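Protein chains: 2
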Amino acid sequence: MAKKGNMLIAQSGGPSMVINQSLIGAVVEAKKHAEIGKILGARHGIQGIMKEDFINLRKESAANLEAVANTPSSALGSIRKKPTAADCTKIFNVLKKNNVQYFFYIGGNDSAETAHIINEEAKAAKYDLRCFHIPKTIDNDLRQNDHTPGFGSAAKFVACAVAGDDLDNRALPGVKIDVIMGRHAGFLTAAAALCRTQPDDGPHLIYLPERPFDEKAFVRDVKAVYKKLGRCVIAVSEGIADKKGVAIAQKFTSEVDSHGNVQLSGSGALGDALAGVIKDKTKISRVRADTFGYLQRSFPGITSEVDAKEAREVGAFAVKTAVKSNTDGSIAIKRKPGKKYSVTYKRVMLRQVARDTRHVPDKFINKAGNNVTQSFIDYALPIVGKLPKIGHFKGVKA
Amino acid sequence: MAKKGNMLIAQSGGPSMVINQSLIGAVVEAKKHAEIGKILGARHGIQGIMKEDFINLRKESAANLEAVANTPSSALGSIRKKPTAADCTKIFNVLKKNNVQYFFYIGGNDSAETAHIINEEAKAAKYDLRCFHIPKTIDNDLRQNDHTPGFGSAAKFVACAVAGDDLDNRALPGVKIDVIMGRHAGFLTAAAALCRTQPDDGPHLIYLPERPFDEKAFVRDVKAVYKKLGRCVIAVSEGIADKKGVAIAQKFTSEVDSHGNVQLSGSGALGDALAGVIKDKTKISRVRADTFGYLQRSFPGITSEVDAKEAREVGAFAVKTAVKSNTDGSIAIKRKPGKKYSVTYKRVMLRQVARDTRHVPDKFINKAGNNVTQSFIDYALPIVGKLPKIGHFKGVKA
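Protein chains in written order, with this note's numbering: chain R, 1 to 398; chain F, 1 to 398.
Honestly, the hints are just simulated from the structure, not real lab data. Check each hint, because a few of them may be wrong.
Here are the simulated distance ranges between beta carbons [to be verified]:
1. F/Thr89 <-> R/Lys228: 53 to 61 Å
2. R/Thr282 <-> F/Asp378: 28 to 36 Å
3. R/Glu66 <-> F/Asp378: 56 to 64 Å
4. R/Thr373 <-> F/Lys334: 51 to 59 Å
5. R/Gly338 <-> F/Lys227: 35 to 43 Å
6. R/Asp200 <-> F/Gly276: 37 to 45 Å
7. R/Gln198 <-> F/Ser342: 34 to 42 Å
8. R/Glu120 <-> F/Gly395: 42 to 50 Å
9. R/Thr282 <-> F/Gly276: 23 to 31 Å
From the derived model, a few chain F residues whose C-beta atoms are all more than 10 Å from chain R [unchecked claim]:
10. Gln11
11. Arg80
12. Ser267
13. Lys324
Only part of the chain F face toward chain R is listed, based on derived beta-carbon distances under 7 Å [to be verified]:
14. Ser74
15. Ala85
16. Ala86
17. Gln144
18. Leu172
For clarity, every value in this text was computed on a predicted model and none was experimentally measured. We treat Cβ as the ideally placed atom computed from N, Cα and C, and that holds for glycine.
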């Protein structure tokens, strides 16, 4: 039997629609194991740990746990902070003091890195910690994972938003640019294509950070679509960069976080700049840009059911694994081979997931670098689940 | 019995999530009346009429009509165009040539004005036309109406979006500005408040175009909320204007449509400018802005059921009225007195609805002019219908 100790869980990085599913999945699982004493939730990630700002998650009713599970964003609060060596010392002292033997940190690759650092420091200090990273990111950019919890729901939002916007653009034609989240990985932007059914459905052009963004090619692409259809809907990743790797958005902002990331979201600057390029370089009069912003990760009520279920299971699996074997790691989602979609969960090493980004593979991007392939659609649809049906008139000329 | 003739229907102005419900409501009703011969749909409003770009709506299957009814945006295409005298002559010639006796134009107050102009010209030309405006506007700003089809669904989108954004802001605190559609009327921005249940739920500040926007007061308001809660979520109408009536957004754009309206949507400029003001005038480091854009009027799959039902009934009622009595007008939604929400539909004069805007009444706005009252919530909730449940931890300190 595993040793008896307390559990501490926290959330980190950008929220998602299902990160609370992982949290509640872990808490509900923990309650089944006698090895786990207190179940503590730290407010705002490592900041809350350092301040011992904990809530007692055993005091939450089963009904309330379910209500929180079905609510977007990080119910414990989040943080974007890379711990310093001094922070780590503080964290260990708090963990020791509270007899925490089970530590779970839910987040993306920056959060995996944080968990990795804490774990390495724990090892160095010979502190016996079962330290697990639980994956979450709408960017879908964690290595070792077929996909990540949070992506399916954000992808559903983006697919619906662009489908609606495409209908809007059919009604009032022009050029429409939609800027979508994703710093270095274009999976979420690619998801803009998931509602396409008609040959002339938008988005007609999709630009991912995996391909260098060239302004001249962009203008040429837009002109060609506009000439053919009299309109053009474009999905652009906020993270597009030129061939030197400099983010296009960087020209319009200077704010950086403690991981060294430039602020891309929470501003309409990139979309407006791209709209300005089309206005300047073409004779098209109606050019608009929308930046989907934080709605992509926190809109309530349109969660992907598959995503919610997997997020829940990943949280539970982390706790089961931690109790079963004296180890550490991250939990990865693996897709089983075969026609019917199904997944398994697997423990992987923290350092295999930490920091680095998984990119959209070449097979998902068309040759011209301005759209996605059917292979991407086949990959993403099962994760996103049910999408709204779009009706069109047959339109018999009178 | 009414005279036999053909019917022509078209859509105009900004799309909504339920404008197709009104279209299909009218078409399905028309099919019940022997007085109506052909059912023609003009592509892109009066532009399609002038070009005789019609589709035969009798050729659409019942199933397809339903699929279109449940799809956002204007399935016939839309237009923002005020007809000139020459346009009107053209329109009459087309109507005469096609033996159109029943004409329905679905749209907002600009569209009602267009219908009114066409109708007056028809009268002057002694052309016997049953000309009806069918109301649609997410802005909820049509006179004579308790509320308008399209508002309930857009309001539901805004309420959900701000609720999710408020959860996001709880997780990663800072100042968050959400810019919401509504040129002269703030109903849709006011709807940002509809998901609030906890005392500290955002939006904490709401700025409508009905009150002059004062930058100093704005900064003071934000500072006060931030001091109290450590965060602040703000809903701002795209149409906010200074005390001289000059739109704040006008400083950042110069594009106007043929009704003389400045382009407010499809740009993040206002939100970014307001975020800049807070960054400059306070010491708050994390300030973000999102502009909800066209998603508010075209997002599929989250329609208000009440709104969809009423939009459908309004379309049907217009056709019934046109067939029953040789008259013209617009259809208005009236709320019945009493505790339980219910409505009736009433024919009103075109000129009573055309052009001018209905504003948010004083009783819906708080004294400080930076929030809405319970009276607004009571008014709007029945129109918006079911909203997602938000769960929060009880949060017992450990």
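Going down the list of hints, with the structure as the test:
no., hint, in the structure
1, F/Thr89 <-> R/Lys228: 53 to 61 Å, "violated, 34 Å"
2, R/Thr282 <-> F/Asp378: 28 to 36 Å, "violated, 49 Å"
3, R/Glu66 <-> F/Asp378: 56 to 64 Å, "violated, 29 Å"
4, R/Thr373 <-> F/Lys334: 51 to 59 Å, "holds, 53 Å"
5, R/Gly338 <-> F/Lys227: 35 to 43 Å, "violated, 57 Å"
6, R/Asp200 <-> F/Gly276: 37 to 45 Å, "holds, 39 Å"
7, R/Gln198 <-> F/Ser342: 34 to 42 Å, "holds, 39 Å"
8, R/Glu120 <-> F/Gly395: 42 to 50 Å, "violated, 31 Å"
9, R/Thr282 <-> F/Gly276: 23 to 31 Å, "holds, 29 Å"
10, Gln11, "violated, 7 Å"
11, Arg80, "violated, 7 Å"
12, Ser267, "violated, 6 Å"
13, Lys324, "holds, 25 Å"
14, Ser74, "holds, 4 Å"
15, Ala85, "violated, 24 Å"
16, Ala86, "violated, 21 Å"
17, Gln144, "violated, 25 Å"
18, Leu172, "holds, 5 Å"
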